[in-house]
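Novice: What follows is each chain in one-letter form.
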Amino acid sequence: MNLDHLYQEVILDHYKHPQNKGLSVAKDVQVHHLNPSCGDELTLNLSMIEGIVSAVTWEGVGCSISMASASVMSGLLLGKSTDQAQIIFDSFLTLMQSKGTQSGDEEVLEDAVAFSGVSKYPARIKCALLAWMAYKDAALQIANRTA
Amino acid sequence: MTLNISAIKKDFPIFERSIRDGRKLIYLDSGATSQKPNVVIDAEGDFYRFRNAAVHRGAHQLAEEATDAYEGARAIVAHFLHADVDEIVFTKSATESLNLLCYAIGSAPLGNIFHLQAGDRIVVTEMEHHANLVPWQQLAKRTGCELVWFDVDSNGRLDLSNIDSLINDRTKIVALTHQSNVLGTINPLSEISKRTHEVGGLLVLDACQSVPHMAVDVTGLDIDFLAFSGHKALGPTGVGVLWGRSELLGQLPPFLFGGSMIETVTMTDSTWAPAPRKFEAGVPNMAQAVGLGAALQYLTKIGLDNIHEHEISLTGDLIAGLQDISHLKIFGPTDLHSRGGVVSFAVDGIHPHDLGQYLDSQGIAVRTGHHCAWPLNRKLGVAATTRASVYLYNEKSDIDALINGVIAAKNYFGVKA
Ligand SMILES: Cc1ncc(COP(=O)(O)O)c(C=O)c1O
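Protein chains in written order, with the UniProt record's numbering: chain A, 1 to 147; chain B, 1 to 417.
One or more hints might be untrue.
[Said to hold, decoys possible] To give an idea of the chain B side of the interface with chain A (calculated C-beta under 10 Å), a few residues:
| id | residue |
| --- | --- |
| 1 | P352 |
| 2 | A383 |
| 3 | F413 |
[Said to hold, decoys possible] Heads up, incomplete: computed chain B residues facing chain A, CB under 10 Å, no partners named:
| id | residue |
| --- | --- |
| 4 | H351 |
| 5 | D354 |
| 6 | T368 |
| 7 | H370 |
Note that these hints are calculated values from the structure, not bench results. Glycine is no exception: its CB is placed at the ideal position from the N, C-alpha and C atoms.
Please model the complete structure; the sequences and the hints are all you need to start from.
Specialist: Structure representation (structure tokens):
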């Protein structure tokens, strides 16, 4: 296994220059997720306007995979409808569970296909999913509130 | 005596395999679990192959031989710790040993020497593994006891300056680790045990990181209970030990109830077998206990003092090598006095997970994370660290590989040289 397949340029770039990092003052919900096996932590603020993701900001401490994933995800979901976001979420989850057999749909996942190598390292899948699970939790809370 | 590492390595079949596309395995994670020599694997396998039967039950030859093997293992453990054979309780792990103790103490009725009252004190330290913290913390909650702790100072040593106020007249239990699994610090027991016994308390020692690595003689330590896990001492998983002074085990109530631990049973009441049987309900992990016996014999043959000396020498090389790397911080004592072969560190700009992953690509196995000592990590001000730990099968070239690996990782992740 080649380490470069795991640490693709895109991941290291996002790690060093994260997007949407720093919590927004206003938010609809805030969630805090952690990975108890390694201590990685992430706080995510989510705002929706009429079913569209209007802001995703986050703050966290963790490895390059978890932090880059938060950065990529926040950029990807911004401006998407909840339905579109769900499709992206499902696609990313499928990619993470693929044990290295898939390379990811670039149309849907854009930069997030860079995480395809992670699926070969079982211990790192949770890192890549930390922010995504936080988003899912936050989106669900908003949905329950408006329902 | 210096150890013949290449001969020792041959006893451990795992070193015949390769890692990540043909790389040599450099195992620096014995603090989590040790590798197993053939004598242990064979002892466990041979129990199943030739002697398997439920111990302490049945009148047949196999049951007799199985019982002999199991009780023989108990005698080996007792000899290893310089204890009485009846003072050795087999459990499934150190975690279970400590929980057994906590639950048994928690159930001690009024009048029993172990009985705890609201307002009594349990003392731990800030450097405990969760296994020697959470059970006491929860026992304190259940009984209304106060949980207090020794702080860790900036050198990774216990701050004993407030020992007399911390261990006060209300103190019933002082539970601490012999050697920190994060910092490598070996704690000064005599001062703590003196004060504990002065106020009539009991001293419980988590010896998970010491018993496998140095000679531990319970008669010389002035302690009351001790726990360790077989799997960190070359033994199988699924077996641990609780040692307790026999007069204490005699009065400690049982924790798990069932077969083998009773003396008589009626529909409404029961009485207990004497210790250690009182604490070993059900058919125990027999093959694993036998494997542990083989492991301790193997360690004895090589010599615990030789092993300790070897590990300290490697630890010196490791610390010196890490100190030469810029933007790297070691957590824990950097002098070799009263410390063991566990070294935790952090590199600026590289998260431990990423460092561990890089080292893994070089065949080097280290531990990353909070090492089940979250409060200590918080005190150190880091979410996670990278930990290298050595054992008798490690050699200087393993240390060199780690140091080179860390330097190469800095290059790979493009952080300051
Ligand atoms: C100091 C210390 N105490 C307790 C334990 C728990 O051991 P086990 O998980 O084998 O029960 C460990 C293992 O990591 C340890 O290092």
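Novice: Would you mind marking each hint as holding or not holding in the structure?
Specialist: A quick look at each hint next to the structure:
| no. | hint | in the structure |
| --- | --- | --- |
| 1 | P352 | holds, 7 Å |
| 2 | A383 | holds, 4 Å |
| 3 | F413 | holds, 7 Å |
| 4 | H351 | holds, 4 Å |
| 5 | D354 | holds, 5 Å |
| 6 | T368 | holds, 7 Å |
| 7 | H370 | holds, 4 Å |
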